[in-house]
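Q: Sequence:
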Amino acid sequence: MGIAVIALASYILIIVIWSTVLKRGIAEAMVVGFLLICAFGQEQFFDIATEGMKAAFSEQVVFSALAFTFVGTLLAKTGIIDRQVAMLNSFLGRLPGGAGYVSTVGAALFGAIAHSGSSNAATVGTVTIPWMKKSQWPSHIAATLVAGNAGMGTVIPPSASFFILVGLGTVAPFITVEKLLLTMYGVSAWCLAWRLIVVYMFVRRFNIGKGKDNEVEPFRKTFAEGWWTVLIFMGIAIPILLTLGPLSDHLKGNLGAQAIKSVSIMVWMPVMLGMFTLILGWRKLPKCGTAWYELIASTAPRYREIGTTIVFAFAGGAALAALGLAEQLSEVLNGLDASPLVACIIVVVLVILVAGPLNSTATVATIGGIGFTVLVYAGINPYLAAGLILTASSTEGASPPGAAAIYIASGIAQVPPSQTFIPLIMLYVLPFILIGVGVGMGWLPVPT
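Our numbering applies: residue 27 is where the sequence shown begins, and numbers increase by one.
In silico DSBU-like links for lysine-lysine, alpha-carbon gap of 35 Å or less: (1) K236 - K103; (2) K103 - K49; (3) K103 - K247; (4) K80 - K49.
If you anchor each label on the Cβ, the simulated ranges turn out as follows: (5) C314 - I223: 43 to 51 Å; (6) L281 - W469: 39 to 47 Å; (7) R120 - L61: 55 to 63 Å; (8) E69 - C314: 49 to 57 Å; (9) A219 - L270: 20 to 28 Å; (10) F83 - E204: 22 to 30 Å; (11) P471 - Q162: 34 to 42 Å; (12) I32 - P272: 44 to 52 Å.
Read the hints as simulated data drawn from the structure, not as lab findings. Don't be surprised by glycine CBs; every beta carbon is placed ideally from N, CA and C.
Work out the full structure, taking the sequences as your base and the hints as a guide.
A: Written out as structure tokens, the structure is:
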């Protein structure tokens, strides 16, 4: 076994130990892991470290992930999501267990534009858990539902995990961002469909009825008050339309292929989303320099965590490449000789296990590249391989006992977190082994 493969195994191990056993932050663990990889280069320590940091800071993905973090803060500040949830409640709230459907679809909408699992649980849970409790949902089931839905943002692009995966050296040569976007929209539809089935199962199991009519505002009223919030999705649609499909082809004919190719989805999607958020939510945004400073300063802890994680994830990947991981890994995979089905099962289980103690971004940064390589070598379509990895990593919000979303949702519902562990594992973790394998094998059709 080559030194790079040993370095990879040590890298994964130190990150898990540092963040779970020693109870240190994941960002700090990623820095320690990067330094450990460089140490395997011995006298080339500083050369490998320099190469890794140069690679990290040249990635557009780093900008995208950090920009989306700030956009998520703006969305929470403007109340755009609250308006959308109110419209959903008017539309679905009169169904039996309607509050659960609202919570699930609301989590998907929030996940599409702000991809943090803990933020999803806090934002959607604050609104929908009290509604669920009022409409006969058991408190621990309401918390389970919100925590189980928190990972939706990982599979709905463009999440930080999505950007990390497409930027990995072992992944980037096989896929394009534009095509993977379409694949992941298809994958996320399957993940949402399962979560809606779970809501239906809860409704039948606990005999949950309809909400009271006086608690559900008429759709005409909520739509009149919040229709403008739907325009936020134009920030996602415009960059996609410019780079994919008939409009893109038409523009290439008029402006030239090179001009359209220069439009980077990874740059313009967060920029456009931020612009629409500022325009649509300006009434609730700060009006003076001091207030803006306080808002920006409030994002510092989140930037410290996700920014450091992403930068050192790419730096670690580049350092492993400098040690010769690709060549050495090929030798190991030649000996594995796994069938496509076996490879899918191995990778999806491994990713879910790692996603237990880590969040989705750290999981993809730690094991996404190796998992992708195993799948592609076994004959899995690269886009389906990426879909499998992101599907499995999306269980981070539902994986007890370490997922922050569990404790956020349980706190809102005022129940012991341990009451949610078994239903989360049975309904929001184990089924995603089947969904992940189904995506990887092509049994669940998605665009590629």
